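Peer 1: Dock chain to chain to rebuild the complex, using the hints, since each chain is given by itself in its own frame.
Listed here are the chains, written in short residue letters.
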Amino acid sequence: MKKRNLKVKTVGRSLFHKTGTLALGVTILSILIYLNIFSHLNGENLIKQGPGGLPPQISLFQDLLYTPQVSQYLIETDEWASGWGDSEIRSQLDRDDILLLKNTPLITQQIGKTYSFRPEIGLQDYNEFTLNEAPEGMSVQDGEITWIPDENQVGENNIALRLSDSDGLEYEAVYSVIVTEEFFPLGTNRRGQSLSGLIVAGSKWTIVPGLIAASIAIFIGGFMGAVSAYHKDQLDSVLSYIADTTESVPALIIVFLIAAATQFNVYYIMIGVGIVLLPSVQNIIRSNTLQFVENQFVESSSEIGFKDRIILWREIIWYNCKSDLISLATYCFAFSILIEVTISYLGLGVQIPDISWGVLLAEGRSSLLREEYWMTVFPALAITASILGFIFLGAGLKQKFDPKLK
Amino acid sequence: MTNQLTSRSAWIKHLGYSVFQFFATMVLFCYLITFLPDSQLLDKSQTERFTEYLLILLTLDFGYSTLYGDPIWEIVLDSGIKTLFLILTSIAFIILFTVPMSMYSAYNNDHILSRLLNKALFIISSVPILVVAIIIVALSVSLLGIVPEFNLFYDGNNVQKVAVLTLPLFAIIIGDGILFSIFETLQDKIKKIKSEPWVKGIKARGGNINKHLVRGITESMIVSVTGKISFLISGIIVVELVFNWQGLGFILLDIFSQSSQRDYALLIAVMALILLFVQASGFIRRFTIMKMNPEKKYSSAA
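Listed in order, the protein sequences are those of chains W and L. Heads up: the first sequence runs through residues 1 to 406, numbered per this note's numbering. Heads up: the second sequence runs through residues 1 to 302, numbered per this note's numbering.
Okay, chain L solo, but in the shape it has when bound (with noise of 0.2 Å):
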């Protein structure tokens, strides 16, 4: 009963602490746009937009865009679920190669693929998404003979459509290092795993580690992709704008790019919608550490 009590607190407290985070974030996110400098809003003072800006926050009141004209929610929508689909199964492909990868590794640690790999991978994490993108827009080009963008997803043929659909998520996985990152991780974890006195113990019992094993990998798993999503949205940026899919960071770059008479709800909305995703992710991570790691659940349970 004492356990449960505990574990509800720790759970509110965790959801409070990335509910509160987002909101001091938006709010400071408010104040720096007023910074912005705007031919459009001279009259206004920095306090005023400000206010402004924090009331079209609070009242969730966005109204309509005046960049495209359709009203806010259905453009952060719409948008949202195309960057969500690019976070989801660009996260679902990072897992698919880089368990077993890690697990050969972790296993034949001085064997010469082993060896081979993690050079492999360490080099190919130094390019940067942005290049890695261009490289794979290039191969499309001059292999398939498709120019990956999004708009061939409705006007394309079904190769064309698998090709939109794949090709921005191998420019995301492989740039930037978060392959490499989150293998390194996952490999470390096992090694340490294997490493450890009580799972020799249980290995000289003839016992079976894998029960250990796989709940180690899916904590380290969910910590370090969770950890890594802030760094990953930023890449999908990238990508949206190489692969002309509109989504959140297509659109943060119309934002931006304009001189004057910003659409600062629109920003607004799509930067809470970008932080929400950042907060799930954040409240999962301490949530899994709450709830898988030994140290810190018996810890918080005493």
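With the rest of the complex left out, here is chain W (with noise of 0.2 Å):
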């Protein structure tokens, strides 16, 4: 009952490991096809326009990847000026020193909808908070702020929490909120394009660019492959030997200088990474050929009268490689997107004014300085993303279909 039990378990574990793997790589990719016709079929309207680096809209990415400035003062009254306008004295505090408000704002807001922040107050006794400067219908209730921005409120709008301790000391925390008319979940870059929109529109140099490089490699590389361990002659060391001297080059190199000689053009690029990953495919066929030449199987078809051709093809390389050309293929475009997005990044690739996910990192790394992280997080979460769900789909594709895994 254990014994079989075990046995229950462990198939029920194998089954939830193939089906996860797959389904997962099949999901990720069934988005990223999605996206790609998407991003055709809308081109430049996808992206929207605001203002420039604003942070996401979603708070739960605002909260993680944007720390907002929030300025705090103590207010003091300039006795001599009294009466003569102006009577309050400002001086800023460090954060270091004391802190008003415990839990950060949100700061964006689209119009029309809600905005509403409880502040945490940092002083130990203090008094009920009061809003010194506010857009107009901004309202306190229980401690809660709670505004519904209207047109003319798009903008940066300032707030200013005013409030006192036992001690009678007047302090006031200031923080803006920029509002905007559209949403933008992921935030805009320095240009103030939506990150969301850009993404969309990045996805494009993933399936066309994949599908190029992935032909040339599992079909001219699977041929030679194939051939060169079939026939045991002079062939297969030529090939052999061109593969060996392809693999010794550096991938990234070849590329640099495909991309020079084409004027970074990414599809003869990817013609470039096709022919960078012929040798892998070819060896690995060549490899996994070599084994079923030596097999019964084949001495048997041989003498049954089937043709050279036929064994080759149909029993070797269809039924019994075809586990591992899929494989390879789906590494073939992970390996496409990891290239177009490292040249593009470097400024080899994909040139502004296009889109790709690689420009964008690199326009992201330059806001790191500022701490403007979601340029950076969001394309590098998507690129990871494709680059895993390809992996995954290779990897559930030869669990399905390789025979010995079966």
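No more than 35 Å apart at the CA atoms, straight line, and that leaves these computed lysine-lysine pairs for DSBU-like:
| id | chain 1 | residue 1 | chain 2 | residue 2 |
| --- | --- | --- | --- | --- |
| 1 | L | Lys194 | W | Lys322 |
| 2 | W | Lys322 | W | Lys204 |
| 3 | W | Lys232 | L | Lys291 |
| 4 | L | Lys13 | W | Lys232 |
| 5 | W | Lys404 | L | Lys203 |
| 6 | W | Lys404 | L | Lys200 |
None of these hints come from the bench; they were simulated from the model. The structure displayed is predicted, hence computed values, not measured ones.
Peer 2: Printed below as a string of structure tokens:
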């Protein structure tokens, strides 16, 4: 009974592992294909324009990726100036000495949506806070600030919270809320373009370039590997030597060379990526074919009267190397995304004003110093998720089609 | 005596193969760079350009750099040392991390921690080196307040110097799946050695299998690390550019970014040095297989 349970458990785990990996890969690939079609159909309309350097408007992302600037002041009365206009002296307080607001306020809001913020005051004994400066329509109820901004309030709105402690000292915490007409879930870049739109637009450099690289590597590399293994003659030595030599040159140098020679044309660069990947595919298919050539079923097929061509392409490649070719194809897709992103980041691939995830990363790199992390984090997540998706898809398909793993 | 002679001839054969492959690749590279469009070289035919580059390669007379103004030998050696530092230290770190992890995983195959380690490394291996490098820069800026660029090595304090030297290494090790690939190879090797019938025999007699294990791991480690060297160099080029290390990758991008009057002599010199690293590691790999792999060792001696 115990043994049976263990068997059921193992089969269940293996099934979950197989279907889980494949499902995750298929889901990510479907999303990518959908984004590709969507970006091709909608073109530039996807990229909405807003204020530059706007943090994500989804509050979770804003909390994680942005620390808003809240200025703090000690307010003292200037007796000499009383009756002569501004009689207050405002001295800025360091956040290390005193922290008026323990929680961080949301600093973006869309028109027509309710803005709410319940400040947690850092002072030990304090009286109720009041709004010393606030946009029209903002109110405080039971310690919570609420406001529904209208179209006249688009832009920056200053909010000043005035509070006093038990000693009678008065303080003020000042921050501003940016009101936008559109919703920018992932924020905007320095030029005010919506990051969500840019990420969708940049996805167009994932499927088609990958398809070019994978087609070259799989069809030509697979053919060369199979032929050189099946006909163990001079051709095998020559093809193996060429593969060995190509593999010895770092892939990025070949890609740089092609990029410079073709004036940064991404499609030609992807042909180069296909050539770079060719030796790996050739070597794997060659070694797999070599294993099968010695097998009994090949001899039997030959004795039955099958032609060499049929044995090689149907019996060996189609029935036994199919899973390797499929997983290699998904790897080629992942690798082509990696290369496209890298060369675009370095300025040798997709050129501005065209959009690619690599270009977004390069733009975000300079914003890191201003602590605007969202400009880097979201493109990086998109890149990683797509590569992971292709790798999962490859692993899942290999498990599904490999006769040995079956 | 016969064994010694065979071993020496095999050694010479491997060295000869590396030298031949180096020159063949360099000649091919010299030919390929004649395809780079250059408005300043319109009057020269492709054959003239190829001959010129071949002469530079054969005479090693690189002269002065038109890009930086210094002697090319000096530039290449200076930046070559920085790149070599990254190659060697990242290899050292990879060994430091993968050996204990793969041994733990191989000895505790079904343990949940081992499975988690495998899964975590598999997922981390999917993150491109560029993304890892940028995340490390972001973390360094937000947590340490340091922008880890190489000029801090000369101007910064001790913490900044350590950050500048170590952070790029983490990016190289984690990104692009080199760590996972070597971890997987070592883990498989250890499992394979443990399941060999002769190892079971030694164990049954109460003998120690550590000697065989160390030998197997060393061979596997050298073969897999040296096999990954050109992949590692690609990663190092990216890391150099993100962390502003003025190594060979940095020079390469400088040259390729120019639209005309490229410094071809410098390009050839940089490429030659990179290929030298790759071929040297290829030679070490072939030599290790010949010396340490029992199948190859005894088949060549026979």
